[in-house]
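Colleague: Chain by chain, the residues:
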Amino acid sequence: AQSVTQLDSHVSVSEGTPVLLRCNYSSSYSPSLFWYVQHPNKGLQLLLKYTSAATLVKGINGFEAEFKKSETSFHLTKPSAHMSDAAEYFCVVRSETGNQFYFGTGTSLTVIP
Amino acid sequence: EAGVAQSPRYKIIEKRQSVAFWCNPISGHATLYWYQQILGQGPKLLIQFQNNGVVDDSQLPKDRFSAERLKGVDSTLKIQPAKLEDSAVYLCASSFGTSGSFGYYEQYFGPGTRLTVT
Numbered sequence: 540a541q542s543v544t545q546l547d548s549h550v551s552v553s554e555g556t557p558v559l560l561r562c563n564y565s566s567s568y569s570p571s572l573f574w575y576v577q578h579p580n581k582g583l584q585l586l587l588k589y590t591s592a593a594t595l596v597k598g599i600n601g602f603e604a605e606f607k608k609s610e611t612s613f614h615l616t617k618p619s620a621h622m623s624d625a626a627e628y629f630c631v632v633r634s635e636t637g638n639q640f641y642f643g644t645g646t647s648l649t650v651i652p
Numbered sequence: 113e114a115g116v117a118q119s120p121r122y123k124i125i126e127k128r129q130s131v132a133f134w135c136n137p138i139s140g141h142a143t144l145y146w147y148q149q150i151l152g153q154g155p156k157l158l159i160q161f162q163n164n165g166v167v168d169d170s171q172l173p174k175d176r177f178s179a180e181r182l183k184g185v186d187s188t189l190k191i192q193p194a195k196l197e198d199s200a201v202y203l204c205a206s207s208f209g210t211s212g213s214f215g216y217y218e219q220y221f222g223p224g225t226r227l228t229v230t
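Going down the list, the protein sequences come from chains A and B.
Take the first sequence: its letters are residues 540 to 652, numbered as in our numbering.
Take the second sequence: its letters are residues 113 to 230, numbered as in our numbering.
I should point out that these hints are in silico values taken from the structure, not numbers from a laboratory.
What you are looking at is a predicted structure, and each value in this text was computed from that prediction instead of being measured.
Note that CB positions come from ideal geometry on N, CA and C, so glycine has one too.
Heads up, some of the hints might be wrong.
What the hints assert, rightly or not - Footprint (simulated), chain B over chain A, 3 or more residues, beta carbon under 8 angstroms:
#1 571-583
#2 639-650
Unchecked claim - Cβ-Cβ distance ranges computed for the label pairs, FRET-style:
#3 B:Ser130 to A:Leu559: 38 to 46 angstroms
#4 B:Glu218 to A:Ser619: 25 to 33 angstroms
#5 B:Asn164 to A:Ser609: 38 to 46 angstroms
#6 A:Asp547 to B:Ser213: 29 to 37 angstroms
#7 B:Lys190 to A:Leu559: 35 to 43 angstroms
#8 B:Pro173 to A:Ala540: 16 to 24 angstroms
#9 A:Ser619 to B:Glu180: 45 to 53 angstroms
#10 B:Lys156 to A:Ser567: 18 to 26 angstroms
#11 B:Lys127 to A:Ser553: 39 to 47 angstroms
Stated by the list, open to error - Partial list, derived from the structure: chain B residues whose beta carbon lies under 8 angstroms from chain A:
#12 Thr143
#13 Asn164
#14 Phe214
#15 Pro223
Input sequences plus hints: build the corresponding full structure.
Modeller: Written out as structure tokens, the structure is:
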């Protein structure tokens, strides 16, 4: 079975400082992994995806994530936080067949001015 | 390009009442998904359709939840009777298919319906 664990339920950073949101995955196969962002009262938006190509993937709004098989991790980073980054972030793993998406419990990012 | 449409956006009902949610996927998307997102949790897949057939409904509480996609386009999710623990946001998503390249299986999400059961 596949699953993801988001290690922090809440993260607070100051504006202009780096962001790190942690995600570990569990999978018996080479997974496809994604990060989604959800702003209050808005829909889910895809930030970036890993689909077995380059291990360092770049997404929208300056976010990046690195797939590390040895650590079973897919952490999300951004060099400099912006106020508009405050939102809920979800790490997601795709099923091997059938295209089911399994979401983590989410990390709430607060950006302090 | 129009996105996934859902209605209503908000619904408040009393426990034991029934409620229905509607979803219209992106044109041409054969696969449709319903997710339940309880406050403070990630979305959980309830049911997945391929055209008008059910692919996966293993996490659908079938004693009270039902869903249909009669013509392989729009879909309805129903709860009858509702319980307090059904309070959640119900998200609909769609994709062209379920395999192949990412552009083909990427799921596009609607804005959701927020259900409050009192």
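Colleague: Verify this for me: three or more residues of the stretch 639-650 of chain A with a beta carbon less than 8 angstroms from a beta carbon of chain B.
Modeller: holds (count 7)
Colleague: Okay, lysine 156 of chain B versus serine 567 of chain A on CB: inside 18 to 26 angstroms?
Modeller: holds, 21 angstroms
Colleague: Does the CB of asparagine 164 of chain B sit less than 8 angstroms away from some CB of chain A?
Modeller: violated, 17 angstroms
Colleague: Within 35 to 43 angstroms: is that where the Cβ-Cβ distance between lysine 190 of chain B and leucine 559 of chain A falls?
Modeller: holds, 42 angstroms
Colleague: Evaluate the given range 29 to 37 angstroms for the C-beta pair formed by aspartate 547 of chain A and serine 213 of chain B.
Modeller: Since the Cβ atoms of aspartate 547 of chain A and serine 213 of chain B sit about 32 angstroms apart, the hinted range of 29 to 37 angstroms holds.
Colleague: Once the shortest beta carbon distance from phenylalanine 214 of chain B to chain A is found, is it less than 8 angstroms?
Modeller: holds, 5 angstroms
Colleague: Cβ-Cβ distance between asparagine 164 of chain B and serine 609 of chain A: within 38 to 46 angstroms?
Modeller: holds, 44 angstroms
Colleague: Holds or violated: 16 to 24 angstroms for the Cβ distance of proline 173 of chain B and alanine 540 of chain A?
Modeller: Check passed, 20 angstroms falls within 16 to 24 angstroms.
Colleague: Taking the Cβ atom of glutamate 218 of chain B and the Cβ atom of serine 619 of chain A, is their distance within the range 25 to 33 angstroms?
Modeller: holds, 28 angstroms
Colleague: Regarding lysine 127 of chain B and serine 553 of chain A, is the given constraint of 39 to 47 angstroms on their beta-carbon distance met?
Modeller: At 44 angstroms between Cβs, range holds.
Colleague: Let's test the interface hint: is any C-beta of chain A closer than 8 angstroms to that of threonine 143 of chain B?
Modeller: holds, 7 angstroms
Colleague: Within 38 to 46 angstroms: is that where the Cβ-Cβ distance between serine 130 of chain B and leucine 559 of chain A falls?
Modeller: Given a distance of about 45 angstroms, which is inside 38 to 46 angstroms, the answer is holds.
Checked against the numbered hints above, the structure violates only hint 13.
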